[in-house]
Amino acid sequence: MKAYNLRLNHIRANLYKKETLIAVFFGIVFFIVSFLPRLGDLKDGKLSTLLACITFPILNSYLLYKMMSTGKINTYRRIFFSIYALVFVLSFLSSAFIERGHMYATDRSALFSNIPICHIVMPVIAPSMFLNGTISFPGEIGFTLELMFLMIVIATVFGKSFCSWGCFFGGQDDFFAGLRKKPIKKLLNVNNLVRIFPYAFLFFLVIHSFATMVATFCFYFCPFKATTEMPEINSIYRVISTLIFMIVFVVFIIVIPYLYKKRSFCSLICPLGTTLNFFNKITLLKIDINKSKCINHLELKGHCTLCIQSCPILAVDLDSIQNGKMLSNCNFCTSCIEDCPTGAISLGIKGVNFNNSNSPFYDWKTSASKIKKYAADLIDPGIVFPFILLAFSTTLSTNNLLSIIDAFSKLLK
Amino acid sequence: MVAIKINTRRMNVLLIEGFLLGLATGPVCIGYCSPVLIPLLTGRSDKQKYFAKSVGILLQFLGGRLVGYLLIGLACGVLGEKIVKISHSTFSSIALLLCGILLIFNFFNKQLLDGSKSGCHPLVKHFSGWTQIVAFGFLTGINLCPPFLAAMTSAALLGSVGKSVLYFLAFFLATALFFPPIILFSKFAQKKTFQQIAHLSMIMTGSWFILKSSFQLIILAYTK
Chain A
493 MKAYNLRLNH
503 IRANLYKKET
513 LIAVFFGIVF
523 FIVSFLPRLG
533 DLKDGKLSTL
543 LACITFPILN
553 SYLLYKMMST
563 GKINTYRRIF
573 FSIYALVFVL
583 SFLSSAFIER
593 GHMYATDRSA
603 LFSNIPICHI
613 VMPVIAPSMF
623 LNGTISFPGE
633 IGFTLELMFL
643 MIVIATVFGK
653 SFCSWGCFFG
663 GQDDFFAGLR
673 KKPIKKLLNV
683 NNLVRIFPYA
693 FLFFLVIHSF
703 ATMVATFCFY
713 FCPFKATTEM
723 PEINSIYRVI
733 STLIFMIVFV
743 VFIIVIPYLY
753 KKRSFCSLIC
763 PLGTTLNFFN
773 KITLLKIDIN
783 KSKCINHLEL
793 KGHCTLCIQS
803 CPILAVDLDS
813 IQNGKMLSNC
823 NFCTSCIEDC
833 PTGAISLGIK
843 GVNFNNSNSP
853 FYDWKTSASK
863 IKKYAADLID
873 PGIVFPFILL
883 AFSTTLSTNN
893 LLSIIDAFSK
903 LLK
Chain B
988 MVAIKINTRR
998 MNVLLIEGFL
1008 LGLATGPVCI
1018 GYCSPVLIPL
1028 LTGRSDKQKY
1038 FAKSVGILLQ
1048 FLGGRLVGYL
1058 LIGLACGVLG
1068 EKIVKISHST
1078 FSSIALLLCG
1088 ILLIFNFFNK
1098 QLLDGSKSGC
1108 HPLVKHFSGW
1118 TQIVAFGFLT
1128 GINLCPPFLA
1138 AMTSAALLGS
1148 VGKSVLYFLA
1158 FFLATALFFP
1168 PIILFSKFAQ
1178 KKTFQQIAHL
1188 SMIMTGSWFI
1198 LKSSFQLIIL
1208 AYTK
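For the protein sequence lines, the chains are A and B, in the order given.
Just so you know, we're using my numbering here: the first sequence kicks off at 493 and counts up by one.
Just so you know, we're using my numbering here: the second sequence kicks off at 988 and counts up by one.
Don't read these hints as lab results, they were simulated from the structure.
Even glycine gets a Cβ: it sits at the ideal position worked out from N, Cα and C.
The reader is advised that the hints may include incorrect statements.
Stated by the list, open to error - Sample of chain A residues facing chain B (criterion: CB under 7 Å; computed from the structure):
1. Leu582
2. Phe584
3. Ala588
4. Tyr691
5. Phe702
6. Val706
7. Tyr750
8. Ala867
Claimed, not checked - Label-pair restraints from in silico Cβ distances:
9. B:Leu1058 x A:Asp811: 33 to 39 Å
10. B:Lys1036 x A:Leu776: 36 to 42 Å
11. A:Ile736 x B:Lys1036: 55 to 61 Å
12. B:Phe1202 x A:Val742: 19 to 25 Å
What the hints assert, rightly or not - Which chain B residues stay away from chain A? Per the calculated CB distances, all over 12 Å, these:
13. Ile1003
14. Pro1014
15. Gly1018
16. Val1023
17. Lys1036
18. Leu1046
19. Ala1122
20. Ser1147
21. Gln1182
22. Ala1185
23. Ile1190
24. Phe1196
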């Protein structure tokens, strides 16, 4: 408890003094990104658009304020992320029910490429797309290319953070991983087989999809079919694949995350998540472990390990603490930052030392000028990073919410 | 009339046709063989002369494929149009099942390509090294992928054993041209992590082949 208070004091003293004002400023930006694409509808006086456009900017700016004022970035990220996932599922299902009267992806919709491309499967279909010029997914090739380009840009800038801030599927296992206070068993040392499993599975999926011209992951392993759209069950194959979907969903989205507090689907199975590990090598974002503050380095090795326990995707172990950095599968959820009792872990930018007294940033933070202090806060990665990712998600959530409202209004009519 | 024209086709035209079909469908052949060949190339623990050994593995694999192709060519020539009546699905499923079993077998025999056989089951000692790689090539070769079926249909209409075999030989030569770039994967054989990934994907592929082919065979038996 003492260590916890120390950490909070550290955060409050150093970073988040003017959090309210900053949250209002960012809230205005959220409003702008939410309203701008829908100005036409607003001019027509659509109440549903207005409602959708104000909900997430208010919610996200409040969560951003709480992140800044309490320092519990991960706690409020998880709330946002779970709501984000739930809204996506509801919007998807409501649209499917309105359009088709059921949640099945029919053979007809597959034939006419009516199924929206899923970002999870992109690494699996990319090789055949670029080498054979064909797409092994019943989606539109143009939109797939646009989405691929967007994903590469996001991953290059933000690394794997998409998995904890932007993926509307990730919120599902993240929600279950956050339900229990303690896991049934602490996973401190993970077998090397578990570490290489995601790469082997990705390798398996890619070469199989290339070989058979079928999106193997979608057809046989995707657990999110259970919450979005099931394939139409019209053959024995579909019965088997549906069974596999349900088993993977129950085991990897509900049971393992709930029992072990680990996002098992995102860290072991998701092809996109594994692919984004490579982008963590080139992104400028980083999470540092300050050895001088870490209890493990204060000759108390084995007595803390809170960061290892809190990481939901197994991105930190004793060796990585020793090396002062996260493993390559870190998705910047900031749970380790939040749970570290001494504030030894921080979000940063490669090549920039924000706490170095020689850096201009440090001068701004310690300056007597209020404007410089505000400016220092505004460019702090611990604030800017959640803000940009929340802004990105605000636009998507607004879209989803709008489709839910539209679906319900159609139902009521 | 069409059959007569095909039967009297000149040899060079026949070879060019088989070769062109192979060139056109080569990437698909690579796709069908890569789940087996890539783990074989990368999942090795030998550190020396990895490039030369990779070339050796590829040649053994292609040798197995050639035997498979020539046998199918022979069968097409002998059986002619009757071969179309044979259930391709059953044939493919059996080849896939055998390939899956062989992959699992390979996984449990990690020393296979090192030349060291100590501690292995006697069966493994007799069936390892080049024989196993040739068997992989043969089984993936006779796995009836779409380009292969196209070649079979053309060869079956030729009405001559010699022509049919030659047609498949030309088809094989063209598809084989696409294989050498796969040797680039052997570069990764030097890293232990890649070897482990390849081994793990090998058992995944093997299990998948066995499951898929078993279901196919059960469904085929059930629907008959």
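We went through each hint and held it up to the structure:
no. : hint                             : verdict
1   : Leu582                           : violated (34 Å)
2   : Phe584                           : violated (29 Å)
3   : Ala588                           : violated (29 Å)
4   : Tyr691                           : holds (5 Å)
5   : Phe702                           : holds (5 Å)
6   : Val706                           : violated (11 Å)
7   : Tyr750                           : violated (26 Å)
8   : Ala867                           : violated (44 Å)
9   : B:Leu1058 x A:Asp811: 33 to 39 Å : violated (53 Å)
10  : B:Lys1036 x A:Leu776: 36 to 42 Å : holds (41 Å)
11  : A:Ile736 x B:Lys1036: 55 to 61 Å : violated (42 Å)
12  : B:Phe1202 x A:Val742: 19 to 25 Å : holds (22 Å)
13  : Ile1003                          : holds (24 Å)
14  : Pro1014                          : violated (6 Å)
15  : Gly1018                          : violated (4 Å)
16  : Val1023                          : violated (9 Å)
17  : Lys1036                          : holds (25 Å)
18  : Leu1046                          : holds (21 Å)
19  : Ala1122                          : holds (19 Å)
20  : Ser1147                          : holds (32 Å)
21  : Gln1182                          : violated (10 Å)
22  : Ala1185                          : violated (8 Å)
23  : Ile1190                          : violated (9 Å)
24  : Phe1196                          : violated (10 Å)
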